[in-house]
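Q: Here is what each chain is made of, one letter per residue.
4 protein chains.
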Amino acid sequence: MSQPNMYRLNSKEVAGATEEWLAKRGVTKEQIGQLVMLLQKDYFPELTLAECVLNVEAVLSKREVQNAVLTGIQLDMLAEEGKLLPPLQDMIAYDEGLYGCDEVLALSIVNVYGSIGFTNFGYIDKLKPGVLKKLNDKSGGVIHTFLDDIVGAIAAAASSRIAHRKQAEREALAEGIQVRDEE
Amino acid sequence: MSQPNMYRLNSKEVAGATEEWLAKRGVTKEQIGQLVMLLQKDYFPELTLAECVLNVEAVLSKREVQNAVLTGIQLDMLAEEGKLLPPLQDMIAYDEGLYGCDEVLALSIVNVYGSIGFTNFGYIDKLKPGVLKKLNDKSGGVIHTFLDDIVGAIAAAASSRIAHRKQAEREALAEGIQVRDEE
Amino acid sequence: MSQPNMYRLNSKEVAGATEEWLAKRGVTKEQIGQLVMLLQKDYFPELTLAECVLNVEAVLSKREVQNAVLTGIQLDMLAEEGKLLPPLQDMIAYDEGLYGCDEVLALSIVNVYGSIGFTNFGYIDKLKPGVLKKLNDKSGGVIHTFLDDIVGAIAAAASSRIAHRKQAEREALAEGIQVRDEE
Amino acid sequence: MSQPNMYRLNSKEVAGATEEWLAKRGVTKEQIGQLVMLLQKDYFPELTLAECVLNVEAVLSKREVQNAVLTGIQLDMLAEEGKLLPPLQDMIAYDEGLYGCDEVLALSIVNVYGSIGFTNFGYIDKLKPGVLKKLNDKSGGVIHTFLDDIVGAIAAAASSRIAHRKQAEREALAEGIQVRDEE
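So the sequence lines, in the order shown, correspond to chains A, B, C and D. Start counting the first sequence at 1; every next residue gets the next number (this note's numbering). Start counting the second sequence at 1; every next residue gets the next number (this note's numbering). Start counting the third sequence at 1; every next residue gets the next number (this note's numbering). Start counting the fourth sequence at 1; every next residue gets the next number (this note's numbering).
Treat the hints with caution; some may be incorrect.
In this list, chains with the same sequence are indistinguishable; a pair is considered to hold if it fits within one copy or across any two.
[To be verified] Within a straight-line C-alpha distance of at most 20 angstroms, the following computed SDA-like cross-link-like pairs (lysine to any residue) qualify:
hint, residue 1, residue 2
1, Lys-128, Leu-38
2, Lys-41, Lys-126
3, Lys-29, Lys-138
4, Lys-138, Glu-171
5, Lys-12, Glu-171
6, Lys-83, Leu-38
7, Lys-134, Glu-19
8, Lys-128, Asp-42
9, Lys-138, Ser-11
10, Lys-83, Ala-93
Don't read these hints as lab results, they were simulated from the structure. None of these values were measured; they are calculated from a predicted model.
All chains, please: the whole structure from these sequences, using the hints.
A: Here it is as structure tokens:
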């Protein structure tokens, strides 16, 4: 928690690196937006992909989320390069079922928009639709043990954000109508 | 954390009440065991329902789990009786989507067997198979806003326990064979 | 997650009830602000109580926080009235050390502003300064088993919010200066 | 969660590496035991250091704990070697206050023995007694950004374990006496 004199956190660099690393690892905001769409379209039939992407961007603007994304991708990349010490190297490289630090980091993302996202996270993490299927493909030497959980968590958090926003919109609309009624 | 002189926690009473309240609310260990079976049968084809039930019982023997079960069922029952103050009464009675304390309590159950259970919890909480479908039925004045999440969490925790146990068994077996090889 | 036709969540009512219940249970925003001051004054010597209170209000405006406050206070009040079923009645009435649902709900408040608040929550929950000492006083038949943890969690969350804001201010200022330097 | 044919998790290796890495990073079980003693001696005056160390060992035998220890130490070491990508390198090297992945991993350790450990974790993480002071010393190029939180979390988890055990012992004793009374 201490901050020595010479070091200064630069938030734009952290945000920029998050975006850059996600792109380098093959994940676009549109792909995450499609996961959000899948999770929310039954509740909000009028929802557009553009709206989903905007909510993904809002989630990605949170420091807590950026920290988890960078840490997770870093561990995936080091595992790809074989630079982790055994047995951590093997557990991450083989996406060991009893290794849960990936889920732990992912949940810290979901938590930022509250507990209503837990269900969506688990659901999407199990079914692996869209980009998650690609990330979960173990062939070709590419390792996404952390990233697939993180992407699912971002989609779940964006879904929670939409649920909160839609309620606020509904209430504002209802008040608007009420106000007109009283005129 | 303080314990006045006259009060003494009685663990057997807490454990007994947990079992009794679950039964009164219409949930059997076999039903939870069937959820576990659903979650784990693809990974462990030889798994039996009896084994699943044993793991459910182990989860239910944990104090953390008992506390969450009792607290959740209590809130469900008070909501049924209309004894909660508005607007909490309505949020619990109608299983409000933006109310997440039920998920929060449920996750404290999952956590006891580690983070690998998050996914199973979310998956089952979304799909609502078996007894969860019954619990989630909003007709008839019965309220299970907390209990359906709690039952899903117990099943997810029992699944985590099985995953850890099966690994231990596999290793013990491997060692046994190795030992014989060396003889 | 379902919303029957006649029920409609009213966010203003939830927010209003949160404020009302906190006041009825003897907790003011100023008292929570003083806890925030205690936690943050060493890091930000220029911090004012008014600023702390504003951050407490921002925390209290979050739905996740309101849900936890209402649920916790409700359980405290029902325990005071002796309306909970044994043994839950006793565990809450005597603030049983092995009962942790109060900490679980409190942590869901801390989580909303990210993981950097865990430490402050635990610290303040152990030391019980200011209003927490009063809430933790077990004499007189008043029960605040949930509320003392919840108030500590609100203070910890407000502290996290301040830490994030101050960094943003610092960076905006630095950019402003830099911009001038470049002119 | 998948386990390709050739890879086989070896639990003894994971447990062994956890012990080895903690030792290499300068942390002994006795030092963690002393933190436990500090947290629990007021509640259990008869508690011995040997008993505390036994409880630390029980915590360290849990897979969830081992995973967090190994992952945290790995990140500390890579930061020491300057092998992380900026800006993650800087955030971990300087123990950035707004970086909370260390607290997130630590909390996954605390969770294994339930929510009653949150308070002890936060308290000890703020005060930094004993070995935590040494780990938190930023001079000399050694980085323990993750490890100091992890060690505090192990001590908090061991404290929770003791609290649960002591209650069980108390009840067994009470029953024993009762049994004799009835004879």
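Q: It remains to establish, for every hint, whether it holds in the given structure.
A: Evaluation of the provided hints:
1. Within a single copy, Lys-128 and Leu-38 get their C-alpha atoms as close as 11 angstroms, and across copies as close as 18 angstroms, so both meet the 20 angstroms cut-off.
2. Proximity of Lys-41 and Lys-126 under a CA criterion of 20 angstroms is satisfied in both settings, with 19 angstroms inside one chain copy and 15 angstroms between copies.
3. Neither within a single protomer nor between protomers do Lys-29 and Lys-138 lie at most 20 angstroms apart by alpha-carbon distance, with minima of 22 angstroms and 37 angstroms respectively.
4. With identical chains, the CA atoms of Lys-138 and Glu-171 are never at most 20 angstroms apart, being 46 angstroms at best within one copy and 24 angstroms at best between copies.
5. Proximity of Lys-12 to Glu-171 under the C-alpha cut-off of 20 angstroms is restricted to the inter-copy arrangement: shortest distance 9 angstroms between copies versus 35 angstroms within a copy.
6. When the C-alpha separation of Lys-83 and Leu-38 is checked against a cutoff of 20 angstroms, the pair qualifies neither within a copy, at 37 angstroms, nor between copies, at 38 angstroms.
7. Taking identical chains as interchangeable, the C-alpha atoms of Lys-134 and Glu-19 lie at most 20 angstroms apart only when both belong to the same chain, with a minimum of 19 angstroms there against 36 angstroms between chains.
8. Proximity of Lys-128 to Asp-42 under the C-alpha cut-off of 20 angstroms is found in both arrangements, the shortest distances being 18 angstroms within a copy and 16 angstroms between copies.
9. Taking the closest pair of Cα atoms, Lys-138 and Ser-11 never come within 20 angstroms of each other, the shortest separation being 34 angstroms inside a single copy and 23 angstroms across copies.
10. For the identical chains of this complex, Lys-83 and Ala-93 are neighbours both inside a copy (11 angstroms) and across copies (19 angstroms), given an alpha-carbon limit of 20 angstroms.
Going down the numbered hints, you'll see the structure goes against 3, 4, 6, 9, while the others check out.
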